[in-house]
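Position chain B relative to chain A; hints supplied.
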Amino acid sequence: MNKKALLLLGCPEVPVQTSIALYLANRLLYAGIEVFVAGTEAALDLLKVSDVEEHYVAEAKMIYLDDCIESLAEKRQDFDLCFVFVHNDVGVSYLATVHEISNARLFAIIFGSGADSLTEMIDFKCELLDAKTVHKPLLLRKKIDDKIKEVKRWAVPN
Amino acid sequence: MGCTELMDYEVVLSDISFKHGREYIKANFEEVYEVKPGYKLFDIYLIGLPPILVGVTGDHIIFTYMKPCRGTFVLKIKGGEEIERLRSV
Chain A
1 MNKKALLLLG
11 CPEVPVQTSI
21 ALYLANRLLY
31 AGIEVFVAGT
41 EAALDLLKVS
51 DVEEHYVAEA
61 KMIYLDDCIE
71 SLAEKRQDFD
81 LCFVFVHNDV
91 GVSYLATVHE
101 ISNARLFAII
111 FGSGADSLTE
121 MIDFKCELLD
131 AKTVHKPLLL
141 RKKIDDKIKE
151 VKRWAVPN
Chain B
1 MGCTELMDYE
11 VVLSDISFKH
21 GREYIKANFE
31 EVYEVKPGYK
41 LFDIYLIGLP
51 PILVGVTGDH
61 IIFTYMKPCR
71 GTFVLKIKGG
81 EEIERLRSV
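If you read the protein sequences in the order shown, they are chains A and B.
For the first sequence, the positions run 1 to 158 when the working numbering is used.
For the second sequence, the positions run 1 to 89 when the working numbering is used.
These are computed hints drawn from the structure, not numbers from a lab.
Don't take every hint at face value.
With a Cα cut of at most 30 Å, we get these calculated DSS-like pairs of lysine-lysine [said to hold, decoys possible]: (1) Lys4/A with Lys36/B; (2) Lys76/B with Lys36/B; (3) Lys26/B with Lys125/A; (4) Lys36/B with Lys61/A; (5) Lys147/A with Lys4/A; (6) Lys40/B with Lys75/A; (7) Lys125/A with Lys67/B; (8) Lys67/B with Lys48/A; (9) Lys67/B with Lys75/A; (10) Lys61/A with Lys67/B; (11) Lys67/B with Lys4/A; (12) Lys3/A with Lys40/B; (13) Lys40/B with Lys125/A; (14) Lys40/B with Lys4/A; (15) Lys78/B with Lys75/A.
Which residues of chain A face chain B? A partial, calculated answer using Cβ under 7 Å [what the hints assert, rightly or not]: (16) Gly10; (17) Cys11; (18) Thr40; (19) Glu70; (20) Ala73; (21) Asp89; (22) Val90; (23) Ser93; (24) Tyr94; (25) Ala96; (26) Thr97; (27) Glu100; (28) Ile101.
The beta-carbon is built from N, C-alpha and C at its ideal position, and this holds for glycine as well.
Just chain B, same shape as in the assembly:
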């Protein structure tokens, strides 16, 4: 999974469509931000149909992540400074 392999992530959902991932984030988290495709989160450039939703819960970030041969996932990763950057977008 590229750079995410180096991070301590949790796979929340796998083998889903991008739309399913977006709806999951929208339905399950109160703090949700819209970002454009290509937004840099950690060392990842987010891929998807706009708007891409990124959720925040506690000190974690929830987002859709995809790879061509592996499909689409919803991942949960400790957010650190990325949370404040999202809040300022």
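If we strip away everything but chain A, and leave its shape as in the complex, we get:
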């Protein structure tokens, strides 16, 4: 059975979020991992428009953020890996919440102009992929590439 990853998106006001989400989804798919994405209506619509033929994320695997939190909190659903996109205080709160309600291996993708101060707020166990960037995705892409080398080893089905 394939392992499952959740990408939990924040408000799509920072441009790198959508491109990094699609890139990460692609890398995970190539590593043999099933990809789900949770987000606001706007964040999911950006993905749907950018990936109209559903090469990276199937629309059936997109989940509204509130529904995702509810299913995790009620233990109706969980994932092997969870990548939470964080570019503000609210993102850190969602990260902390997922840490509490999910057993997934947790990654924080931290970006935006306030990335440094956001990183300092995280005092619980998760892996950080951070870059102080708003528009330029290449540094985050590099960090994802490095991490994916590890992910491929985990992707071996149980």
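Then chain B, alone, in the frame of chain A:
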């Protein structure tokens, strides 16, 4: 605001950080409870850094509420049975 839109709520604070909301509740209410992220209050699963504080004043509940594109708020809502459930946590 999701389910809260259906409820009769008062926005006590808006455009704040989560930490500011927590400090406000701690400083302004005598009856305060700590709950974990994901605690279900009404039909809302609370989001935040632990511990999340929920205050009770009279027959109302005070808590932080957040949405990704709208920020963090402190809301005041009539508590009903939720107050007794909080007291028993």
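Structure-based check of all given hints:
no., hint, result
1, Lys4/A with Lys36/B, "holds, 25 Å"
2, Lys76/B with Lys36/B, "holds, 19 Å"
3, Lys26/B with Lys125/A, "holds, 26 Å"
4, Lys36/B with Lys61/A, "holds, 28 Å"
5, Lys147/A with Lys4/A, "holds, 16 Å"
6, Lys40/B with Lys75/A, "holds, 13 Å"
7, Lys125/A with Lys67/B, "holds, 24 Å"
8, Lys67/B with Lys48/A, "holds, 21 Å"
9, Lys67/B with Lys75/A, "holds, 22 Å"
10, Lys61/A with Lys67/B, "holds, 21 Å"
11, Lys67/B with Lys4/A, "holds, 25 Å"
12, Lys3/A with Lys40/B, "holds, 28 Å"
13, Lys40/B with Lys125/A, "holds, 24 Å"
14, Lys40/B with Lys4/A, "holds, 26 Å"
15, Lys78/B with Lys75/A, "holds, 28 Å"
16, Gly10, "holds, 5 Å"
17, Cys11, "holds, 4 Å"
18, Thr40, "holds, 5 Å"
19, Glu70, "holds, 6 Å"
20, Ala73, "holds, 4 Å"
21, Asp89, "holds, 5 Å"
22, Val90, "holds, 5 Å"
23, Ser93, "holds, 5 Å"
24, Tyr94, "holds, 6 Å"
25, Ala96, "holds, 4 Å"
26, Thr97, "holds, 4 Å"
27, Glu100, "holds, 4 Å"
28, Ile101, "holds, 4 Å"
When each numbered hint is compared with the structure, no violation occurs for any of them.
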